[in-house]
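Asker: One line per chain: the protein sequences are A and B, in this order. So for the first sequence, the working numbering puts the first residue at 1; every next one is plus one. So for the second sequence, the working numbering puts the first residue at 1001; every next one is plus one.
Treat the hints loosely; a few may be bogus.
Have a look at the derived ranges for each label pair, beta carbon to beta carbon [stated by the list, open to error]: (1) 193(A) <-> 1344(B): 33 to 39 Å; (2) 241(A) <-> 1054(B): 55 to 61 Å; (3) 216(A) <-> 1278(B): 55 to 61 Å; (4) 201(A) <-> 1283(B): 47 to 53 Å.
Calculated directly from the structure, the hints in this document are not laboratory data. Ideal Cβ positions, reconstructed from N, Cα and C, are used throughout, including at glycine.
As a plain string of letters, each chain reads:
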Amino acid sequence: MAKEYENRELILPTKNMALAMGPSHPAMHGIVRVNAKLDGEIVVEGSVDIGYLHRGFEKSVENHTWNQGIIYTDRLNYVSAMMNNVGYCLAVEKLLDIELPPRGTFLRVIMSELSRVADHLTCVAAQVMETGAMTAFLYAMKAREYVWEIVEMACGARVTTNWTRVGGLMADVPGDFVDAVRERIPLVRDVIDELDKLVTKNRIFGDRYRDVGVMTKDEAIAWGFTGPCIRASGIPFDVRRDTPYLNYDAFDFEIPVGTNGDVFDRYLVRMFEMEQSILIVEQALAKLPDGPVSVDNKMVTLPEKADVYGSIEGLINQFKLIMDGHGIQVPPGEIYQAVEAANGELGFYIISTGGDTPYKCRCRPPSFALTAALEKMITGQMIADVIPIFGSVNMIGGELDR
Amino acid sequence: MDTFFLIESVVKIFTMIAAVMGLATILTWVERKQSAVMQDRIGANRADIFGIRIIGLFQPFADAIKMITKEDYIPPFGNKVLHMIAPAIAYIPVMLLFAVIPMGPPLEIGGRIVNTQIANIDIGLLFIFAFGGIAVYGAVIGGWASNNKYALIAAIRTSAQMISYEVCLGLSLIGAIMIYGTVDLSQMIAEQSGHWFGWIPRWGIFIQPLGALLFIPAAIAENKRIPFDLPEAESEIIGYYTEYSGLKGGLFMMTEFIEMVLISALFSVIFLGGWNVPWLEYNGFNFPWGGTWTLNIWVVKGMQFGAYFLKVAVLIYFFTLVRWTLPRFRYDQVMRLGWRYLFPLALINLLITGIAVVLFA
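One chain only, chain A, in its complex shape (with noise of 0.2 Å):
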């Protein structure tokens, strides 16, 4: 398209128009204003306005205590809450030097990857709606319910889970956990499935998608692109698999790679990556253990609450855990913990000078690096291109703008 723009002869002298296109616009979600010139159906230029949704997260975790922190980290990804949640909390043991009992660890592999899912279909969902197919949107709403409502049973919330804390979780998840999710597997894949069909082999879809927003290997990793854009632009580059956490080793699972790093070998990749989530879920859930799902250390952990009101050194452990100026006492030190959130790689840099709150964290969110090179992707394309590649990008506010 864009040579076709450089090629071609003007007959008649045309300005171009300037469009703003958001940040009240359909398309936008409200948080990012494309600023395009247009010549015709045709950006020429097109610049992306960011941070509508600064909430200040650093510095607002900075002034509260280690799992104060947490509430926090829901409200970057809010669609994959979870992972969030748990890149933190890794990063912050990280720092204490602390592992959790297996039975935590499986049970928040088996939860960031059912948040993937869920973060996935939501994208896909997104793309495909906002191409003009309601009806396949609305289906992947239905499979993200099944998903949250297993989110709901673990945690009591859907959106905003805050699930996990420094050295554990809030609570083991319920007696029929297993069961609800082994139920509610296939209903998802069903779903995944149905999704497929409408749209994987659509022609329109196809012609919407393909060649629409490329990023070559080269121009990927020059963004610093991670997560299924980079995947899709044909390098294997997981975090799970590269520098594994939580116990991601243990588990079985393909890396999707694309071809091209257009709109529809994105697409493909989530497609792809749900399946491989799922498929680790139903490991996990062979394998998970009983016992503790948190660190029995009584430095971070909170006791059992019939410890606090039954017993003088529960309560004293309640106290120095949860009071200002007391709480978690983390070493001095500086880490950096990544974990594959469903945009890419989630990275958490944390300096503590000891104390109960950190000093300075930083997160480098996957959105920010994909969202930078939407100027890139978008410039030469269609008005009409603008739309899915920047649905193809999954951008979330919350952790684009933090």
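Given the structure of chain A, go ahead and fit chain B onto it with the hints provided.
Answerer: Same frame as chain A, now just chain B:
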């Protein structure tokens, strides 16, 4: 002009307006419910009158009240006059087209043959092309007068798309015109009565399959519905009625539904034999295997009215299905489809039909 003719015309006009507006109103409900069925939802069922809901059939009334009572926003920097009249420009030509669409078989009342067309003019189809061409102005003027960039882009898309597809629409019908040798719609239906070999109904779709196939995408494009809803691609550019609210916006939407009735009626008239029912003749059913089932003339007429309505309803249902299944094309893809595929195919259809007409007629 005698009194009978006057009364007849007035009755026909009122019947037609009531039927079309009624159908279009119900269509808003059909669209909601059909999408709900396809998407595993319940759909609109909250609107009630004294607690009676009848599966949400009062929803259109609630919608109408909502539209009437909404603020009628006129963009201060646009052209106010054009902004005001644009919905009417979109709506009136489409309503006018129904003047030549037959409602059913001709009736015999008091020794007179009463055509169920409002205006029994012999340029029927040309009239439709002429006024159908005017309908594009409504969207274009509306988009331009709003002084909104999205609306302007949409207006340009509308004009390009509708003018391109009007060509395909026209060419897809010319084959049928050549075969029937007339552009009068009642005449066309009359040509389609009877059977080949005594059992295949002489419907247009059997002699003009390609024409019928080309008519459908072209008609959907004229109707501006998914997959051709680029002029109102709500996730890209909000549409040519971005700056319209209340009843004016509602009129644009209503026009879309009325157009849906129109293209369904046109398709059934030209390709599905209008009110013709296979093997049903004036005296009843004459089955190809020899049996007859004699019926009263009024029963036959009633069945023909019913068949015509059923054909229109099934087509409308089909268009709703398409609307909720497919995604949207891109601008260049729509143009490519129109000019590189549909247009040459329509010409080929014309060529084949021409040769056939010369050889066999």
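Asker: Checking against the hints above, which ones are violated?
Answerer: Violated: none.
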